[in-house]
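Novice: Sequence:
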Amino acid sequence: MPSPVGHALGALAVGWMVAGPAPRGARLAQGLWIGALGVAADLDLLIGRHSMETHSVGAAVIAGAIAAACRLPLASTRTRTFLTATLAWLTHPLLDALGADTSVPLGVMLFWPVSTDHVLIARVFDGISRQWWREDFVRHNLLAALREVMRIGPFTLVAWIVARRAARSRSARE
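Numbering (the numbering used here), first residue to last: 13 to 186.
Worth flagging that the hints you see were computed from the coordinates, not collected in a lab.
Glycine is no exception: its CB is placed at the ideal position from the N, C-alpha and C atoms.
Be careful, since some hints might not be right.
[Claimed, not checked] Computed spacing ranges between beta-carbons, pair by pair:
#1 R90 x G165: 26 to 32 Å
#2 D56 x R180: 36 to 42 Å
#3 V170 x W144: 22 to 28 Å
#4 V126 x S181: 36 to 42 Å
Could you put together the complete structure from these sequences and hints?
Specialist: Here you go:
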């Protein structure tokens, strides 16, 4: 399963494409919120339910509804904020479903609340080790995160460029 770096990059790649251009002073806040939404599903580690309900379409929709209700600084309208937050959150379980999983049950509860089955699609990303006592712990995790940056980073860069160009063209029209 990807690292927080990979999850944040995935959320930014999708979030920036959906959110649309943010005003100059709001770009940093927008990026931080989108990145945080991409990582937030792993807060379930704190309660011992990793890869369960928070790693699902249902949780993504709930997160989107909360973001829209709270008017998070993601997009210009509530609808776009809902879509941005929902899709940014959804990148997390999708990336996890494409990762190496070593903990039972394998995969994520992607289709909760409709189904509690766990889904594991393919092994595109290396698993992040939580075995801090192993000799290769740091090396393994750094290499895994670097591979994520190499695989997801180009998509994030394209999304950032598109969002910047959209912001510039919007500024020129105003």
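Novice: Hint by hint, say whether it matches the structure.
Specialist: Now for the hints, and whether the structure bears them out:
1. R90 x G165: 26 to 32 Å: Given about 30 Å between the Cβ atoms, the range holds.
2. D56 x R180: 36 to 42 Å: holds (39 Å)
3. V170 x W144: 22 to 28 Å: violated (35 Å)
4. V126 x S181: 36 to 42 Å: holds (40 Å)
In terms of the numbered hints stated before, the structure departs from hint 3 and from no other.
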